[in-house]
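Here's the letter readout for the chains.
Number of protein chains: 2
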Amino acid sequence: MRRKYSNEFGFHAKPMSVREVLKEMKDICGLMIDLAYASVLLNDKDLANEVLELEREIDSLLYQLWMSAAIAVRDRADAEAMSSVVKVAMAMDEISNAVSDITHVVLRKLGIHPAVREVLEKIEPHYKRVMIAKDSYLVGKSIGELDLDIELGIYVIAIRRGKELIIDPEDFEKFQAGDVVVVKGPADCLEDFAKVASGEIK
Amino acid sequence: MRRKYSNEFGFHAKPMSVREVLKEMKDICGLMIDLAYASVLLNDKDLANEVLELEREIDSLLYQLWMSAAIAVRDRADAEAMSSVVKVAMAMDEISNAVSDITHVVLRKLGIHPAVREVLEKIEPHYKRVMIAKDSYLVGKSIGELDLDIELGIYVIAIRRGKELIIDPEDFEKFQAGDVVVVKGPADCLEDFAKVASGEIK
Chain D
1 MRRKYSNEFG FHAKPMSVRE VLKEMKDICG LMIDLAYASV LLNDKDLANE VLELEREIDS
61 LLYQLWMSAA IAVRDRADAE AMSSVVKVAM AMDEISNAVS DITHVVLRKL GIHPAVREVL
121 EKIEPHYKRV MIAKDSYLVG KSIGELDLDI ELGIYVIAIR RGKELIIDPE DFEKFQAGDV
181 VVVKGPADCL EDFAKVASGE IK
Chain W
1 MRRKYSNEFG FHAKPMSVRE VLKEMKDICG LMIDLAYASV LLNDKDLANE VLELEREIDS
61 LLYQLWMSAA IAVRDRADAE AMSSVVKVAM AMDEISNAVS DITHVVLRKL GIHPAVREVL
121 EKIEPHYKRV MIAKDSYLVG KSIGELDLDI ELGIYVIAIR RGKELIIDPE DFEKFQAGDV
181 VVVKGPADCL EDFAKVASGE IK
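Quick note, the sequences are listed as chains D and W, same order.
The opening residue of the first sequence carries number 1 in UniProt numbering; numbering runs sequentially from there.
The opening residue of the second sequence carries number 1 in UniProt numbering; numbering runs sequentially from there.
Derived by calculation from the structure, the hints in this document are not laboratory data.
Hints may contain errors.
What the hints assert, rightly or not - A few chain W residues facing chain D, derived, Cβ under 10 angstroms: (1) 21; (2) 22; (3) 49; (4) 52; (5) 83; (6) 87; (7) 92; (8) 95; (9) 96; (10) 104; (11) 112; (12) 114; (13) 118; (14) 130; (15) 131.
Stated by the list, open to error - Each pair of labels, with its calculated beta carbon distance range: (16) 70/D to 66/W: 37 to 47 angstroms; (17) 114/D to 177/W: 35 to 45 angstroms; (18) 199/D to 49/W: 32 to 42 angstroms.
These numbers come from a predicted model, not from an experiment.
For glycine and all other residues, C-beta sits at the position ideal for the given N, C-alpha and C.
When you get a sec, could you build the whole thing from the sequences and use the hints?
Structure, rendered in structure tokens:
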């Protein structure tokens, strides 16, 4: 899934179908929950901010959905048929709002109580958010060519590239300097990947 | 995890630690999301009502958490340390409220738009909610002895037994007539299990 961020008017570059918008909302919502728990567990401000970015993205998608739905509806019967789509989308928006509240624990530095850590520790796998450095070995290499899943046991969930967000990127996707990459996998492997991304390991 | 439902005073039979309450909220919250999507996908009123029951359970747990937290707090430092627990618990309560809104699609008979079905169809595995009949082969048999995971490829997520809810039951747990069981697994296997539960297959 690849898309541009909404511009200042709240419009997307390309119109999306109702189905596409709903699918993207669901994928982002699921990712947000994992990332929010991970941000608290790791006390990771970057992950927490990623969750807030995604929450804004859900807001924008809800708006997009309203538009797509309104364009598709011609009469009362259409409007009735579309009501379940709108209901589910609104619930996902509410969920995303609630999820982003979890990140306040990290962003307002409430201090993570051991009980919270213990409960969230069961999240498998772990997540990390890393930026690809200019001199990293990864620059210009595709996910498929690096065999990240086989070689390092990690999986690329999303790439944020400027105003573009690529969720569940394809194998042909090549890393660029400045990409912010969200990966999941065992903690040790994530550390190794972070070192390769920063250029510390060549 | 096994617990009694809250009585009319909102108290639980046994006091629970903050950690226990938080763990239970997280487990129930995750289960609710899966069940809510499944209720829409299957247009299943029983599953939708199960989600609403669980939402009330989360409400009750949040109350329980306030009490446990208040009892544990002795001074300002304790209160600060506890703030992250309360924040996460409140966010889970908000999530559960939003999730139960999804079930309105089923309960208010909005009609499920094909776009919603298509998006939620990717849920793997599927879920079903069945009641154990008096003359079912399952009555008096334990989960372990039935080898449900190996024999049928399904997994028991929760058993509702009167006022008791058993989430992620142990192998020694025996089915009783009248138990409401939530199972997950491939659709065919769930159908088979439902037939055994109803006594249609002996």
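A quick look at each hint next to the structure:
1. 21: holds (9 angstroms)
2. 22: Result: holds, 5 angstroms to nearest chain D Cβ.
3. 49: violated (17 angstroms)
4. 52: For residue 52/W, the interface hint is violated, since the closest Cβ of chain D sits about 13 angstroms away, which is over 10 angstroms.
5. 83: holds (5 angstroms)
6. 87: holds (5 angstroms)
7. 92: Cβ of residue 92/W sits 8 angstroms from chain D, so the hint holds.
8. 95: OK, holds: residue 95/W within 10 angstroms of chain D, min 4 angstroms.
9. 96: This hint holds: residue 96/W lies near chain D, its Cβ roughly 9 angstroms from the closest one there, short of 10 angstroms.
10. 104: Residue 104/W check passes; min Cβ-Cβ to chain D is 6 angstroms, inside 10 angstroms.
11. 112: OK, holds: residue 112/W within 10 angstroms of chain D, min 5 angstroms.
12. 114: Hint on residue 114/W: holds, closest Cβ of chain D at ~8 angstroms, below 10 angstroms.
13. 118: At 6 angstroms from the nearest chain D Cβ, residue 118/W passes the 10 angstroms test, so the hint holds.
14. 130: violated (25 angstroms)
15. 131: This hint is violated: residue 131/W lies away from chain D, its Cβ roughly 27 angstroms from the closest one there, beyond 10 angstroms.
16. 70/D to 66/W: 37 to 47 angstroms: holds (43 angstroms)
17. 114/D to 177/W: 35 to 45 angstroms: holds (42 angstroms)
18. 199/D to 49/W: 32 to 42 angstroms: violated (55 angstroms)
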